Every structure is written in C-alpha cells, then in structure tokens.
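2 protein chains.
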Amino acid sequence: MAGEAGFPAVRLDDDALDVTRRLAELHLPGLIVVDDENRPLTILPGSQVLRFLIPRYVQDDPALARVIDESHADRLRANLEGRRVADLLPAEKLPLPLADADDTALEIAALMARTRSPLVAVVEDGRLLGVVTSTGLLERLLAG
Amino acid sequence: MAGEAGFPAVRLDDDALDVTRRLAELHLPGLIVVDDENRPLTILPGSQVLRFLIPRYVQDDPALARVIDESHADRLRANLEGRRVADLLPAEKLPLPLADADDTALEIAALMARTRSPLVAVVEDGRLLGVVTSTGLLERLLAG
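Each protein sequence line maps, in turn, to chains G and H.
With the first letter of the first sequence counted as 1, position 48 gets the number 48 in UniProt numbering; the numbers rise by one all the way through.
With the first letter of the second sequence counted as 1, position 11 gets the number 11 in UniProt numbering; the numbers rise by one all the way through.
These are computed hints drawn from the structure, not numbers from a lab.
Among the hints, a few may not be true.
[Claimed, not checked] To list a few chain G residues with every Cβ distance to chain H over 12 Å, as calculated: (1) ARG22; (2) ASP35; (3) ASP36; (4) GLU37; (5) ASN38; (6) ARG39; (7) LEU50; (8) GLY82; (9) ARG83; (10) LYS93; (11) ALA101; (12) VAL122.
[Claimed, not checked] Using C-beta positions, here's what the derived DEER-type ranges look like: (13) H:GLY126 to G:LEU129: 41 to 47 Å; (14) G:ALA86 to H:ASP36: 47 to 53 Å; (15) H:ASP13 to G:ALA78: 44 to 50 Å.
[Claimed, not checked] With the C-beta cut set under 10 Å, the calculated list includes, among others, these residues of chain G facing chain H: (16) GLU25; (17) PRO29; (18) GLY30; (19) VAL58; (20) GLN59; (21) LEU106; (22) GLU107; (23) ALA110; (24) ARG114; (25) THR115; (26) SER117; (27) LEU138; (28) ALA143.
Just so we're clear, the structure is a prediction, and the values are computed from it rather than from any experiment.
Yeah, the Cβ is synthetic: ideal placement off N, Cα and C, and Gly gets one too.
Bound-form chain G, shown alone:
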C-alpha cells in the first residue's frame, strides 16, 4: 500500500526521487512515513525535500542560486539519486498528529487546530488508513 502512487504514505527505504515526484503530484503539505507494518512514524514535508534537492551552499546563500542553470534539472535530481526516504528526514523527527478511524470530523478539526498541523494521519489499530488536510476538512465542515 505504501508504494502505490496516489497514496500519501512512503517507507523509510523508498527511493527519494520517486517519493519527491509523488509529493509534487499529490500537492499535499507532506507525505506520511510509515514502518513495514504500515504504522505512521513521521511526516516528510516538501520543504524538507527541497533541502536535499538544493545544494548546501545555495541554501546558505540564495544569491548563489544564480550560478546554477536551473534548466539543468538533471543536476538537481542527481542530489536525490541513490538516496532513501530515511536519508531525507531531519535528525529530529517532525511530530505527526494521529486520529482514530472512528473520530468525527469535528474531533479531527479540534486536533488540527490545537497542534496547528496542516495534516493529520488517520489510523486503525495503529495502522495508517489515510490523511486529512486542513483544507479538505474545511471543505467538509462548510459543505454540510
């Protein structure tokens, strides 16, 4: 399940480039990283992946970005080649709020409001079922 395109979960040993493509395609605030038992571990946000795509010296001094020809995307992609999801994660795991499958939309909204997270992982027996985003939740709460 974690490997399916379209599903917002990835594993620690998934290929970094494949995962980056999925993140771009899904337009989510981040992907959920799960273990081999499909239990959520943390979130991998787009801004974190950008840290690996962009050479370190450009991060430290954005003015240096001009010395790289951005049409050479293959050189950027090379920064992700051979890497795994585990390599992309920050040293300190980002917290990921969890909701139960039988929680109401309001309970999830309250959790999201309290944690200020744009994304909540929904689990059943500790295993990931899916994600809820703040915009998806607003849509649902306003539609009723």
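Chain G is fixed; fit chain H onto it per the hints.
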C-alpha cells in the same frame, strides 16, 4: 485583485466565511493577507481558521466534539459569521517569506528550504504577484 476567487490573497476586512471557502477550494497551505496597496502582511493558514470554526471548549477537549452534531454545519459557520480576516489572525503575525519576481526557481527553493515554509509570496515593487508552494516548486524543478 485580492477579492478575486482563485487568487490566493485576501484583505484584513474581507469576510471570514468567504475567505474560508476560498481556502478550502484552493487547497493551499494558506492564503496571503495583503494590505490595501496589495503588499503582503502575513499568511492565514487553514489550521488557524479551524481554530475559529471549532468552539473553544472543543479545542480544549476534543472528546467534547462528540456532543456536537457535525451535520449541523450551519452552527459551525455561525462561528465565522460577521467576522473579518483581521479577527482570524493570531496575536503574533506568522512570518511569510518573500521572493522577488525576478528570482529564479532555485533561489525560491533555497529560501523555502531555509525557512521551512510551504509557501513563498512573490512580490514586485513590494506588491503581491502570486505564491509559490513547495509542491509546485518540486514539480517545476523535477520537470526540467
């Protein structure tokens, strides 16, 4: 311009309910709040709007969410009625990274990576031209 549906900018005196609908529709991490001269002031994230949509006692104790019938979305909407964007913003303004219109995609990526922001406002002469999201940027950088 700030009032156009589809454009990710709102003004301090825009109606809170209209703005929430736009946020849900655009699926962005947040909307850009601009002043009357279209200069970016801050970001209004979805999780912040949820804080107003959800009654305070439910935020403090999500278990209480069950006592509210979520099919009664009109009661939730009532929490936003008569409010303006200015009422929704937190006491401490959230920081919003700014990029210049002539910055390269790589420069914006470096800014986003450094600030860990999912969203950067692009300005020209201090006025908002549009926003760049981390997923939009990943898409562009990988496509070349």
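Going down the list of hints, with the structure as the test:
| no. | hint | result |
| --- | --- | --- |
| 1 | ARG22 | violated (10 Å) |
| 2 | ASP35 | holds (24 Å) |
| 3 | ASP36 | holds (26 Å) |
| 4 | GLU37 | holds (26 Å) |
| 5 | ASN38 | holds (24 Å) |
| 6 | ARG39 | holds (22 Å) |
| 7 | LEU50 | violated (4 Å) |
| 8 | GLY82 | holds (16 Å) |
| 9 | ARG83 | holds (14 Å) |
| 10 | LYS93 | holds (14 Å) |
| 11 | ALA101 | holds (15 Å) |
| 12 | VAL122 | holds (14 Å) |
| 13 | H:GLY126 to G:LEU129: 41 to 47 Å | holds (45 Å) |
| 14 | G:ALA86 to H:ASP36: 47 to 53 Å | holds (48 Å) |
| 15 | H:ASP13 to G:ALA78: 44 to 50 Å | holds (49 Å) |
| 16 | GLU25 | holds (7 Å) |
| 17 | PRO29 | holds (6 Å) |
| 18 | GLY30 | holds (8 Å) |
| 19 | VAL58 | holds (5 Å) |
| 20 | GLN59 | holds (5 Å) |
| 21 | LEU106 | holds (4 Å) |
| 22 | GLU107 | holds (4 Å) |
| 23 | ALA110 | holds (4 Å) |
| 24 | ARG114 | holds (6 Å) |
| 25 | THR115 | holds (8 Å) |
| 26 | SER117 | holds (6 Å) |
| 27 | LEU138 | holds (4 Å) |
| 28 | ALA143 | holds (7 Å) |
In the structure shown, a violation is registered for the earlier hints numbered 1 and 7, in ascending order.
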